[in-house]
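Peer 1: Under this note's numbering, the final residue of the sequence shown carries the number 749; numbering is consecutive throughout.
Simulated from the structure, these hints should not be mistaken for laboratory data. Just so we're clear, the structure is a prediction, and the values are computed from it rather than from any experiment. Check before you lean on any hint, since a few could be wrong.
Claimed, not checked - Simulated restraints on C-beta separations: (1) Val-70 <-> Ser-508: 53 to 61 Å; (2) His-144 <-> Ala-303: 22 to 30 Å; (3) Val-396 <-> Val-727: 48 to 56 Å; (4) Ser-476 <-> Thr-648: 50 to 58 Å; (5) Pro-148 <-> Pro-486: 28 to 36 Å; (6) Met-85 <-> His-144: 27 to 35 Å; (7) Ser-347 <-> Thr-680: 34 to 42 Å; (8) Lys-746 <-> Ser-5: 51 to 59 Å; (9) Ser-347 <-> Arg-387: 27 to 35 Å; (10) Pro-453 <-> Thr-352: 46 to 54 Å; (11) Val-396 <-> Trp-434: 24 to 32 Å; (12) Ala-35 <-> His-144: 36 to 44 Å; (13) Leu-399 <-> Asn-664: 45 to 53 Å.
To be verified - Capping the alpha-carbon separation at 20 Å, the derived lysine to aspartate or glutamate pairs in EDC-like fashion look like this: (14) Lys-670 <-> Glu-704; (15) Lys-493 <-> Glu-636; (16) Lys-557 <-> Asp-586; (17) Lys-670 <-> Glu-637; (18) Lys-670 <-> Glu-690; (19) Lys-557 <-> Asp-672; (20) Lys-493 <-> Glu-723; (21) Lys-493 <-> Asp-478; (22) Lys-557 <-> Glu-658; (23) Lys-746 <-> Glu-690; (24) Lys-557 <-> Glu-630; (25) Lys-465 <-> Asp-478; (26) Lys-670 <-> Glu-658; (27) Lys-493 <-> Asp-722; (28) Lys-746 <-> Asp-722; (29) Lys-557 <-> Glu-587; (30) Lys-557 <-> Glu-636; (31) Lys-557 <-> Asp-610; (32) Lys-557 <-> Asp-640; (33) Lys-557 <-> Asp-632; (34) Lys-670 <-> Glu-630.
Built from N, CA and C at the ideal position, the CB exists for glycine as well.
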Amino acid sequence: MSAVIYILLGWLLTVTACYSLGAMLLLRLGAAWSREESVALRFVAGAGLYSFLVFLLGIGHLYYRAVFVAVPLVLAGCAWRMGALALSAERLPELPVLWRRTLWLAAPFTVLYLSNAMAPEASPDGASYHLGLVARYYREHGMVPVTTNMYAALSQGMEMLFLSAYATGRHSAAAMMHFTYLLALPWLLICFGRRYAMPGAGVTAALLVYCSPVVGIDGISAYNDVAAACVWFALFTVLRRMEEMRSSRGLIVLAGVLGGSAYGMKYTLFPALLLAGAWLIWLHRWSFLRPLLTLGGAAAPLIAPWVLRNLIWWHNPLAPFFNNWFPNPFVQYWFELDYRRHMSIYSLTSWAQIPMEVTVHGAQLNGLLGPVFLLAPLALLALRNTEGRRLLVAALFALAAYPSNIGTRFLIPALPFVAMAMGVSFGHARWMIVTVLAAHAILSWPNVIPAYASNWAWRLEKVTWKEALRLRSADNFILSHLPAYGLTRKLEELVPPGRRVMGFSQLPEAYTNRDFFVAFQSAEGNGLRDIFLTPLVRDRQATRQVRLLIPPGKHRALRVVQNRDESGGQWTITEMRIFNGTDEVPRSPQWRLRARPTMHEIQKAFDGSFVTRWITDRGRFNGMYVEVDFGREETVDRVILNLTTDQPWDSYHVEVPGAGNAWMRLKTDLHLQEVTTPLGLRRAAVEELLRRNVQYLVIAESDFGSADLVLNRGVWGVDELANVAGVRLYRLAPREEFEARRKGGK
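Please put together the full structure from these sequences, using the hints given.
Peer 2: Given below as structure tokens:
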């Protein structure tokens, strides 16, 4: 039971800090809110401020448990002394009896959600990068760059709250923070309905959202989508209140705080600020400049930390996206394009499949809203109503970023607006609404969902009180949801601290303190993966040798220029060698290498290895080049390029410096020769991984190359240390050890 106490303590301390900061903010702004509204708004607005404070603590490397106990207590004391914790005397109109009774449909779901939120965290993304990064920051006692994980470049406002709770209550306390938003969101929906004389619509929206299967499992996990929806709707509530009190500067500041914290929580919430700005322009007409500046001034401090952090650490203020605007060595633009393409379609063949996938099936888009949301088009009937039009406009803004990722959970921020618009559309048909809500609750219960949804749909399965109270093994519970967890525990046993482990698929890294990274999540990882795959894939091996013959002469520098335009291909060079007669021009530390457009890792084309290659970050275009400045004049008569078979061989020429800053094109004769693949590429790949500080590999049976590692361990020079649920851990043997084994074998 001691674990349960720490979980609750970590959660309560963080909620206390958020609520106290929010209470002081609302008192300072002097905005008029009812007792019911202020409870939720204090938490939501204060959470954005506390997240900012945790970020600052990280810059100061102050991530210690004592700090995360002391700071909430200090904030609570300050709020109490200021009188900020006192609740308003204003009360919203009471809910009619029918709607109060209808709300009892939420009771069993609250039990389901609370038990799962307190159970060991076993969500795919929560146990991997959300809490994996949190655990790393806490181990390092501060914010540190993690350039091997593209998700570390996302804004991490929610992770800052997770970190505060994690310091005392670990993983489940962090999940409980998200559960708090799951409670606050329907509360805000009900309050909105009560304030604007549509209690039925408020209750309808609250229950449609709260009982939705994807909202439930997302909201009890260490994710951020439900929190995003809660911040979105809190901002909408403030904007609607602003419409009633046009001259309230305090409401504009509050909207800015919520909009800034929205961006800090999730990039895709940036349209929330656009909505706020558009609303202010609509309200103030030609005198909108000062309100907009106030809004931006309140939002900027909560946005700036993430922009500046990314600019400094990733050389891209919008990392991990827009790498075409901000080229950097950490995330490749071509990978971003592939990533965006995948997220915009998943495994669907058409967007026409989305409605059924997100409401009924739930497998391909990872979760389902519930079959009742097939009635969502009825929300358009709300256009007849003034409040309905406001809700639908907000829904459009909330859906603006959805095409970039069509997963079901990315609909959650728009769900409250659509659900309330559905409630407005139903009008006064009370018993029809109650029937729909009852059907939704029944169809969303875990035991009923398998009757119509896919077995692979992401959803909750049962009430888990024994797991929540730690009366059953936490390890067994996590293993039942994340089989790779067993291998994660092996990392703790078999990998010494300080060693790097690369995997080709995700592990629940939140449960290990070893330095584990996934290959596809960074430019470095993709390069390492390419090294590993080169011995196994013929098309990655340099079996083409192109000789570029030029008139003999002395030159201080030269360029090899690519002449072809192909947006779909990338220019790669495995090795580039420069000759004078039969002698190769020796490589020297004086050489200066440049490339256009991708300079990053150009040295791979000059490192003498046939398992590494330089790859451009764009499609081929005329004028791309690789340049060598020798640092002195060298006699040169030819250049040899070792290329893979997917590279054109007849579209290159050589340039040398001419008069002034100009470059002069030389007559270039091209000759192609097919060559055999060098022997020993498997061991060469291992040597390169070791040279790049990778000592261990984690490979699942489903990963390409797994079977070859099993069959040819001796050739690779690796040792299998563990095999758990088809996921293997290998140790890469250092060169001396490999040579000793080979000699011993002889």
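Peer 1: If a hint holds in the structure, say so; if it doesn't, say that too.
Peer 2: Hints, one by one, checked against the model:
Between Val-70 and Ser-508 the C-beta distance comes to about 35 Å, which lies outside the given range of 53 to 61 Å. Taken as a hint, the range 22 to 30 Å holds for the pair His-144 and Ala-303, whose Cβ atoms sit roughly 28 Å apart. Between Val-396 and Val-727 the CB atoms are about 51 Å apart, so this pair conforms to the stated range of 48 to 56 Å. In this structure, Ser-476 and Thr-648 meet the distance hint of 50 to 58 Å, their C-beta atoms being roughly 52 Å apart.
Judged by the Cβ atoms, the range 28 to 36 Å given for Pro-148 and Pro-486 holds: they are separated by roughly 31 Å. For the pair Met-85 and His-144, the supplied restraint of 27 to 35 Å holds, since their beta-carbon distance comes to about 31 Å. In this structure, Ser-347 and Thr-680 meet the distance hint of 34 to 42 Å, their C-beta atoms being roughly 37 Å apart. A hinted range of 51 to 59 Å holds for the C-beta pair Lys-746 and Ser-5, which are about 55 Å apart.
At roughly 34 Å, the beta carbons of Ser-347 and Arg-387 sit within the given window of 27 to 35 Å. The hinted range of 46 to 54 Å is not satisfied by Pro-453 and Thr-352, whose Cβ atoms lie roughly 25 Å apart. Distance hint for Val-396 and Trp-434: a CB-CB separation of about 30 Å, consistent with the stated range 24 to 32 Å. In this structure the supplied range 36 to 44 Å holds for Ala-35 paired with His-144, their Cβ-Cβ distance being about 42 Å.
The hinted range of 45 to 53 Å is satisfied by Leu-399 and Asn-664, whose Cβ atoms lie roughly 52 Å apart. The hinted pair formed by Lys-670 and Glu-704 fails the criterion: a straight-line CA distance of about 52 Å is larger than 20 Å. The suggested pairing of Lys-493 with Glu-636 is violated, with an alpha-carbon distance near 56 Å, which exceeds 20 Å. Our distance criterion of 20 Å between C-alpha atoms is met by Lys-557 and Asp-586, whose separation comes to about 15 Å.
The suggested pairing of Lys-670 with Glu-637 holds, with an alpha-carbon distance near 18 Å, which does not exceed 20 Å. Straight-line distance between C-alpha atoms of Lys-670 and Glu-690 comes to about 39 Å, which puts the hinted pair past the 20 Å bound. Between Lys-557 and Asp-672, the direct Cα distance comes to roughly 18 Å. Compliance with the 20 Å bound is thereby established for this hinted pair. Taking the CA atoms of Lys-493 and Glu-723, the gap is near 12 Å; set against the 20 Å cutoff, the hint holds.
Taking the CA atoms of Lys-493 and Asp-478, the gap is near 13 Å; set against the 20 Å cutoff, the hint holds. Between the alpha carbons of Lys-557 and Glu-658 the distance comes to roughly 13 Å, so the proposed pair stays at or under 20 Å and holds. Under the criterion of a C-alpha separation no larger than 20 Å, the hint pairing Lys-746 with Glu-690 is consistent with the structure, at around 18 Å. Between the alpha carbons of Lys-557 and Glu-630 the distance comes to roughly 16 Å, so the proposed pair stays at or under 20 Å and holds.
For the hint pairing Lys-465 with Asp-478, the CA-to-CA distance comes to about 18 Å; that is within 20 Å, so the pair holds. Our distance criterion of 20 Å between C-alpha atoms is met by Lys-670 and Glu-658, whose separation comes to about 9 Å. Simply put, Lys-493 and Asp-722 have alpha-carbon atoms about 14 Å apart, close enough for the 20 Å limit, and the pair holds. Distance restraint check for Lys-746 and Asp-722: the Cα-Cα separation of roughly 17 Å lies within the 20 Å cut-off, and the hinted pair is therefore satisfied.
Between Lys-557 and Glu-587, the direct Cα distance comes to roughly 14 Å. Compliance with the 20 Å bound is thereby established for this hinted pair. Our distance criterion of 20 Å between C-alpha atoms is met by Lys-557 and Glu-636, whose separation comes to about 6 Å. With a C-alpha separation of about 24 Å, the suggested pair Lys-557 and Asp-610 falls outside the 20 Å cut-off, and the hint is violated. Restraint check: the Cα-Cα separation between Lys-557 and Asp-640 comes to about 9 Å, which is no more than 20 Å; the hinted pair holds.
A C-alpha spacing of about 12 Å is found between Lys-557 and Asp-632, which places the hinted pair at or below 20 Å, so the restraint holds. Restraint check: the Cα-Cα separation between Lys-670 and Glu-630 comes to about 17 Å, which is no more than 20 Å; the hinted pair holds.
Going down the numbered hints, you'll see the structure goes against 1, 10, 14, 15, 18 and 31, while the others check out.
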